[in-house]
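Participant: One-letter residues, chain by chain:
There are 2 protein chains.
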Amino acid sequence: MAEHTIKAFDLEIGELRGLISEMGGRAEAAIEKAMAALVRGDTKLAATVVADDAKIDLLETQVEKLAVRIIGLRAPMADDLREVVAALKIAGVIERIGDYAKNIAKRVNTLKEHRKIEAVSVLPAMASIASGMVHDVLDAFAARDAEAALRVCERDREVDDFYNSIFRTLVTYMMENPPTITSAAHLLFVAKNIERIGDHATNVAEMVYFAATGNYMAERERGEPAYGTE
Amino acid sequence: MAEHTIKAFDLEIGELRGLISEMGGRAEAAIEKAMAALVRGDTKLAATVVADDAKIDLLETQVEKLAVRIIGLRAPMADDLREVVAALKIAGVIERIGDYAKNIAKRVNTLKEHRKIEAVSVLPAMASIASGMVHDVLDAFAARDAEAALRVCERDREVDDFYNSIFRTLVTYMMENPPTITSAAHLLFVAKNIERIGDHATNVAEMVYFAATGNYMAERERGEPAYGTE
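Order-wise, the sequence lines are chains A and B.
Heads up, the first sequence is in UniProt numbering, so the first residue is 1 and it goes up one at a time.
Heads up, the second sequence is in UniProt numbering, so the first residue is 1 and it goes up one at a time.
Worth flagging that the hints you see were computed from the coordinates, not collected in a lab.
From a predicted model like this one, the values you see are computed outputs, not experimental measurements.
Among the hints, erroneous ones may be present.
Since the list gives no way to pick one copy over another, a pair counts as held whenever it fits inside one copy or between any two copies.
[Stated by the list, open to error] Derived DMTMM-like pairs (lysine to aspartate or glutamate); straight-line CA-CA distance at most 25 angstroms:
no., residue 1, residue 2
1, Lys44, Asp57
2, Lys112, Asp79
3, Lys192, Glu158
4, Lys106, Glu32
5, Lys65, Asp79
6, Lys106, Glu154
I would like the entire structure built from these sequences, with the hints used as guidance.
Facilitator: Structure follows, in C-alpha cells:
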C-alpha cells in the first residue's frame with residue numbers, strides 16, 4: 001500500500017466510507033438501545049434514541065453532499081461510479097433503519113405497563129439478528145465483499161420466521177387477553193419494524209453486491225432460491 | 001418559450017421529469033387499484049398491482065442512471081444540481097410508495113373473507129387523500145412550486161387523523177370480535193401503509209421545496225407549526 005499513489009478520489013471515497021460506517025454504527029446502536037428501552041420500560045433511554053436520530057439524518061445529508069461533489073468534480077467511471085452511487089443509496093437506507101429504531105423507541109412509553117406480554121421477551125433476539133445484519137452488511141461494503149453480502153441476505157429468512165411466529169403469538173395473546181389488545185397491536189408494529197430492518201439490510205446487501213461485482217444479485221438469485229429476499 | 005435556446009441539459013432534465021412523472025402516475029394507480037381490490041376482494045386485480053410494481057422499480061433504475069449521467073457529464077451547479085439530486089431522491093421515495101401499495105395488494109387474499117369489518121369501508125377515503133398528496137406533490141415538482149409543496153404537507157394531518165381513528169376502531173373491533181383478530185391485524189397494517197404513503201408524500205414535498213427554494217422547509221416550519229410533519 002505504501003507505494004500506491006493516493007488520488008484525491010481515493011481520499012474522498014475513504015471519507016464517504018467513513019461517514020457510511022458512522023451512520024451504520026449509530027443505526028445499530030439505536031436498534032439495541034430501543035430494544036433495551038422496550039424490555040426495561042426505560043422511557044429516558046427511549047428518548048435518547050429519538051433525539052440521536054437527528055445525527056443519523058445529518059450524516060445522510062453529508063453523504064449526499066459529498067457523493068454529489070465526487071460525481072460532479074471527478075466524473076468517476078464504472079467501478080468507482082458504482083461505488084459512489086451505492087454509498088448514496090446505502091445512506092438513504094440506513095437513515096430509514098434509524099427511523100425504524102426511532103419508531104420502536106416512541107412506543108416504549110405506551111408499552112411500559114405491558115412488558116409482561118411474552119412476545120416482548122422474544123423481540124430482542126429478533127432485533128439482534130437484524131442489527132447483526134446491519135453490522136455485517138456494512139463490513140461487506142467496507143471490504144467490497146460480495147460473498148459476505150450474500151450471507152447477509154440468507155439471514156433475512158430467520159428474521160422473517162421470527163416475525164411470523166411473533167405475529168401468531170400476538171394474535172393468540174390478543175384473543176385470550178382482550179384488554180391488552182392495544183398494547184399487543186403496538187408490539188405487532190414493533191415486530192414489523194424489526195422485520196423491515198432485516199429487509200433493508202438485505203437491500204443494502206444487494207447494493208453492496210452490485211457495487212462490488214457490477215451484477216445484480218437477483219440474476220444470480222434466480223438460480224439459488226435460498227437467497228430469496230422478497 | 002420559442003426563442004429560448006434548448007440546451008442538452010434542459011432536454012435531459014425534461015426526460016428526468018418525465019420519468020418521475022410516469023413513476024408517480026403508476027404509484028397513484030397502484031394505490032387506487034390496491035384499495036379497489038381490497039374493498040371488492042378482487043385477488044386478480046391485486047395480482048396486477050404486485051406484478052406492475054416491477055415497472056416502478058425499473059423506472060427508478062432509469063432515473064438513477066440518467067441523474068448520475070447528468071451530474072457526471074454536465075456538472076450542473078446550484079439550482080440545477082439541486083433539481084437533479086431531488087429527482088434522484090424523489091424516485092427512491094416513489095419506489096417505496098409503490099412498495100406500500102404492493103404490500104396492501106398482497107393482503108387482499110387473506111382479507112377477502114372479512115370485507116365486512118367496518119374499517120374496510122373507511123380505508124379507501126384515507127387512501128384517496130394519500131394518493132391525492134402523491135399526485136399533487138409531483139405536480140408541485142413539475143412546476144417547481146414551493147407553495148403547492150407546503151399545501152401537500154398540511155394534508156398529512158388528515159391522513160394521520162384517519163389513521164388514529166382507524167387504529168382505535170380496529171382495536172375496539174378486535175376486543176368485541178376475537179375470531180377476526182388476525183384479519184383486523186392485517187387491516188392495521190393496511191392503515192399503517194397508507195399512513196406511511198402520506199408521510200412519504202410529505203418527504204417528497206420537503207424535497208420539492210428545497211429544490212425550488214434552496215431552503216429546508218423545516219427552517220420555515222419552525223415558525224409555522226401548522227406545517228408540522230413529524
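Participant: Against each hint, give a clear statement of whether it holds in the structure.
Facilitator: Now the hints, each set against the structure:
1. In this assembly of identical chains, the alpha carbons of Lys44 and Asp57 lie at most 25 angstroms apart only when taken from the same copy (21 angstroms versus 40 angstroms across copies).
2. For a Cα distance limit of 25 angstroms, the shortest separation of Lys112 from Asp79 qualifies neither inside one copy, at 49 angstroms, nor across copies, at 48 angstroms.
3. For the identical chains of this complex, Lys192 and Glu158 are neighbours both inside a copy (14 angstroms) and across copies (24 angstroms), given an alpha-carbon limit of 25 angstroms.
4. In this assembly of identical chains, the alpha carbons of Lys106 and Glu32 lie at most 25 angstroms apart only when taken from the same copy (14 angstroms versus 31 angstroms across copies).
5. With identical chains, the CA atoms of Lys65 and Asp79 are at most 25 angstroms apart both within one copy (20 angstroms) and between copies (14 angstroms).
6. Proximity of Lys106 to Glu154 under the C-alpha cut-off of 25 angstroms is restricted to the inter-copy arrangement: shortest distance 23 angstroms between copies versus 30 angstroms within a copy.
Consistency note: the structure conflicts with earlier hint 2 alone.
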